[in-house]
Structure formats: C-alpha cells, structure tokens
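**Student:** So you can see what is in the structure, the chains are spelled out below.
Protein chains: 2
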Amino acid sequence: MISGRTRLILLAGDPIGHTKGYAEYAAAIAAAGHDCAYLPAHVPAGRLEDFLAGVVHLRNLAGVVCTIPHKQDAARIGRCDTAARRAGSANLLRPDGAGGWEASMVDGAGFLAAASAAGLPLARRRVQLLGAGGAGRAVAMAIAGEGPAALAIHDPDAVRAESLVGAVAAEFPGVPVQRHLGESEVLVNCSAIGMGSDDRLPCDAALIPGFVYDVVNRADTPLMVAARARGAVADHGYSMMAAQIPLVLRWMLERG
Amino acid sequence: MISGRTRLILLAGDPIGHTKGYAEYAAAIAAAGHDCAYLPAHVPAGRLEDFLAGVVHLRNLAGVVCTIPHKQDAARIGRCDTAARRAGSANLLRPDGAGGWEASMVDGAGFLAAASAAGLPLARRRVQLLGAGGAGRAVAMAIAGEGPAALAIHDPDAVRAESLVGAVAAEFPGVPVQRHLGESEVLVNCSAIGMGSDDRLPCDAALIPGFVYDVVNRADTPLMVAARARGAVADHGYSMMAAQIPLVLRWMLERG
Chain B
1252 MISGRTRLIL
1262 LAGDPIGHTK
1272 GYAEYAAAIA
1282 AAGHDCAYLP
1292 AHVPAGRLED
1302 FLAGVVHLRN
1312 LAGVVCTIPH
1322 KQDAARIGRC
1332 DTAARRAGSA
1342 NLLRPDGAGG
1352 WEASMVDGAG
1362 FLAAASAAGL
1372 PLARRRVQLL
1382 GAGGAGRAVA
1392 MAIAGEGPAA
1402 LAIHDPDAVR
1412 AESLVGAVAA
1422 EFPGVPVQRH
1432 LGESEVLVNC
1442 SAIGMGSDDR
1452 LPCDAALIPG
1462 FVYDVVNRAD
1472 TPLMVAARAR
1482 GAVADHGYSM
1492 MAAQIPLVLR
1502 WMLERG
Chain F
1252 MISGRTRLIL
1262 LAGDPIGHTK
1272 GYAEYAAAIA
1282 AAGHDCAYLP
1292 AHVPAGRLED
1302 FLAGVVHLRN
1312 LAGVVCTIPH
1322 KQDAARIGRC
1332 DTAARRAGSA
1342 NLLRPDGAGG
1352 WEASMVDGAG
1362 FLAAASAAGL
1372 PLARRRVQLL
1382 GAGGAGRAVA
1392 MAIAGEGPAA
1402 LAIHDPDAVR
1412 AESLVGAVAA
1422 EFPGVPVQRH
1432 LGESEVLVNC
1442 SAIGMGSDDR
1452 LPCDAALIPG
1462 FVYDVVNRAD
1472 TPLMVAARAR
1482 GAVADHGYSM
1492 MAAQIPLVLR
1502 WMLERG
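Listed in order, the protein sequences are those of chains B and F.
When you read off a place in the first sequence, starting at 1, and then add 1251, the result is the number in our numbering.
When you read off a place in the second sequence, starting at 1, and then add 1251, the result is the number in our numbering.
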C-alpha cells in the first residue's frame, strides 16, 4: 500500500510502454517488507540529465533504473562502481546525498545469476557472445570474470566488436578473448536480433551449441525456438530481469 | 496494477510522511478505469520549481498535486485559471505540452462539495471564516461565490485578514465582506489551530454556531469535538480531501 512514507524507484526509458517487471518488483518489495513503489518514467532520449537535475530534489526517491536509451548517459552522469566502469554503461543510479549520483551496472550480475539458475556453465568453457553493444559489454565483462576457456565476440560492427575485445583483454589479461564467430560450447545473444517482430536468428543455426542464453526478454525468439528444438539448455532475458530485482532493491534501499 | 503505460500523479509536499488519501485515490482511479498511480513526492520548501524543471521531461506525468508549503510557488510557476488566480495559490499543476505548466486550485471547489454533502448552507447565510492563509483564501472565494448574506474574516494577522477582505470585495462586489470576529450561522475554520497535537479552539466556544466546518483533516480536533457536543452539523477536512479526488483526476487525466 502506498503511504506518505513510500519511497520511489523509477524506471527511466524511451519507449517505456513495453517495459515489464512491475508485478515482479511489487512482489519482491512486499516480500522484503519495504515501503517502496517501482514505476515507469518515460524520459525521452537525451533528457536523462535534465530529468535527474529535478528529481535529485525528491527526498523519497530511492533511485532510478535506466534502460534503453539512457545507460551510457547514466554512466557519464553518475560516479561509476567497477561494474559500471567496466561496462561503460550503468543501469542503476542513486542519489549520493550531496546533489550527485552514484552509478552501478547489474546487467552482468543479473546475467550470471540467471545463467547459473538455468544450468549454463561459463568457467573453462568456450563462449560465443553475439552483440557488442551496451548489454553485450556488461555481459562480456561478467563472463570474463568467470574464467572461460575462451571468449569470442561477434558484432556486425567490427569496430565495436574490436573495442570490446580490447576492453575485456585490458580488464582480464588472463582470459583468451578475440573477435570471432564460430563453434562454441555456450552461446549468448546480446544483440537486438529477435526482438519484437524480428524473425531472424542472430547467427547461423549450425552454430547453436548445447547451452544458449538470449538476453531478449521473450520466450519465443527465433533463437530460443531453434535452441530448444535442438535440445539445448536455453533461457532468455526474463530470468536476467528477475535476477536483477533483489540486486536493485539491495543497492537502492539498503545501499548495499 | 502498474504497467509501462501507467501515468503518474505526484503529491509534492514537505513534510510528506503524514499525508493521507493514497488509498482513496487508488480506489477512485480503479473505479474510473484509469491506468494511473498517485504517489508522494517529498520536495523540500523552495525546491518546487527546480523539481518541476526536471519532471517536465517525464512524459507519463499526469500532473503534480501541491500541498504545504508549495501552493504559492505553484501559482507563481503555472498559468493560473480563475480559481487559482482568485486564491493566489494553486494546488494542481499539469504540463501544458510546451514546457510550461497550467495551474488550478480545487481547495475551494472541494470545500463547496464537502459542505454541500454535509448539509452546510452558505447562500444567504452569515458566514464566519477563521484563517486568511492559503486555504482560507481559496475557501473565502468559494464561499463568496455562493452568495452569503455576509462573510466575516478573522485572522490574528490583521494585515493578512484585511488583504483577503479586499481581494474578496474586488472579485465579488455584491458580497458584504469585512474583517470581523463575532456570531454567525456558519463557522469555517481554515486556520491551522487544532492541527496535530494542538488542543486549542480556533475561537471562543460561545461563537460556535449550528453549522461548522473544520478544514483540518482529523475527526477529533477540539473544534469538531466542541461543535458535536453542542449538536452542530459539523464536518472536517477529510471530506474536502475526498471531494477533490474526482476533480483532480478529471483535470489531470481528462484535462477537463
């Protein structure tokens, strides 16, 4: 129940109408006994900083969760922790109490928790990552931290892929990482291919291995359908979103 | 249920923890079939304009309800309708779609609806108003619009009382209005006396007539207790708050 003491967590994105997770947040908030509400905030692209300059005065604001297209801006505006710095983007902001913002990035931690829950191995495995954008960057760093046998990164934009390969190598010198598209033991799709009404596979069907994760938050992407048809262990973005909820609540409400 | 399409109504005040009405708003919103949430926004005194400069970018913001201490600032920031202009304060703001704000004031209309529901007459009656602050100003204008036989205004701050008398006389030349404290048929308390743990009566008990309204949102203010003990028809601020809810929803969500 909302009261005068309820704190707010706002999800800033553009568009916002399609966003999910409100019922899941409400259930987690109730289960933890917090007096808090999680709400959509339709903030147009390029307006995050202006919006934050106003809501920094909102004393019952617990924090802002940032989604597309605000994650890079969030990392620029807030003081980044290690995960946000490595990813070059942030999906969490909280007031620092001095008129500024602290930034974190839990896409990677959410992916790891979801992968573990789904039974996807990463340590000592050959992992193929598709997509070197914002989500891909966070997930690549998280995978590298697990000590894979090799990490191959593919993106149609070779410059973007090369940039992520270099960043991972710099952060994790012991991890064999290269720009490559080929056979693997674990495939992780961080590209937008398969989102919405996109009916394409993000790679050749022959490259789908026994373990697959698709960060797109839909159970029936072409990749998920193909992976399941082949008997692969496969899961998708819903579990990554759900796995982030306790991380978000802890960081914003318990400041842990 | 909250979704990505939920619009927000924020109640801006300082302090905010004691504010009421959240369950009543939720029920009215659900009954009307709106996809909307009514939430507290703890905005410190003097910060309303800075806060609004940020949330003007929030495309799913339906509007901001302003309570103490923001009503004068709201009237200064927004383009006032007649009720807000007459009251010299506003309790409603909505985005005008061009980066600015429209302002309205429904304290007066809420009072009239509540008085009518409680069976308090105003037309052709001698009305005593106590308190010439923000609420008193809005209520005085609303009473004057009903055509009372006489309107007497009292405030310990004589300058404030005189200013309101002048303003009412200018807006309603046909209404006999003066600064005065004496016997009446209808007594309306718009002072803060009796709020919280204040156990004072706002006027001498001998001046309590057969019809009493106390804008303080508590059933057991000393004035309410005394009025009921004398068998007066009496009601208090809860009904004024509740009567405003449909007015707020119509103005913000249907822009009526």
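Heads up, a few of these hints could be off.
[As the list claims (entries may be wrong)] Below are the EDC-like pairs computed for lysine to aspartate or glutamate, each with C-alpha atoms no more than 20 Å apart in a straight line:
(1) B:Lys1271 with F:Asp1286
(2) F:Lys1271 with F:Glu1422
(3) F:Lys1271 with B:Asp1286
(4) F:Lys1271 with F:Asp1449
(5) B:Lys1271 with B:Glu1434
(6) B:Lys1271 with B:Asp1471
It is worth saying that the hints were derived from the structure and are not from the lab.
Since we're looking at a predicted model, the values are computed, not measured.
**Student:** Are the hints correct? Go through all of them and say.
**Tutor:** Verification of the hints:
Among the hinted pairs, B:Lys1271 with F:Asp1286 is consistent with the structure: their alpha-carbon atoms are about 15 Å apart, no more than 20 Å. Using a Cα cut-off of 20 Å, the hinted pair F:Lys1271 and F:Glu1422 is violated, with the two alpha carbons roughly 33 Å apart. The suggested pairing of F:Lys1271 with B:Asp1286 holds, with an alpha-carbon distance near 15 Å, which does not exceed 20 Å. Between F:Lys1271 and F:Asp1449, the direct Cα distance comes to roughly 19 Å. Compliance with the 20 Å bound is thereby established for this hinted pair.
For the proposed pair B:Lys1271 and B:Glu1434, the alpha carbon gap of about 33 Å is over 20 Å, so the pair is violated. The hinted pair formed by B:Lys1271 and B:Asp1471 meets the criterion: a straight-line CA distance of about 16 Å does not exceed 20 Å.
Violated hints, listed in ascending order, are 2 and 5; each of the other numbered hints is respected by the structure.
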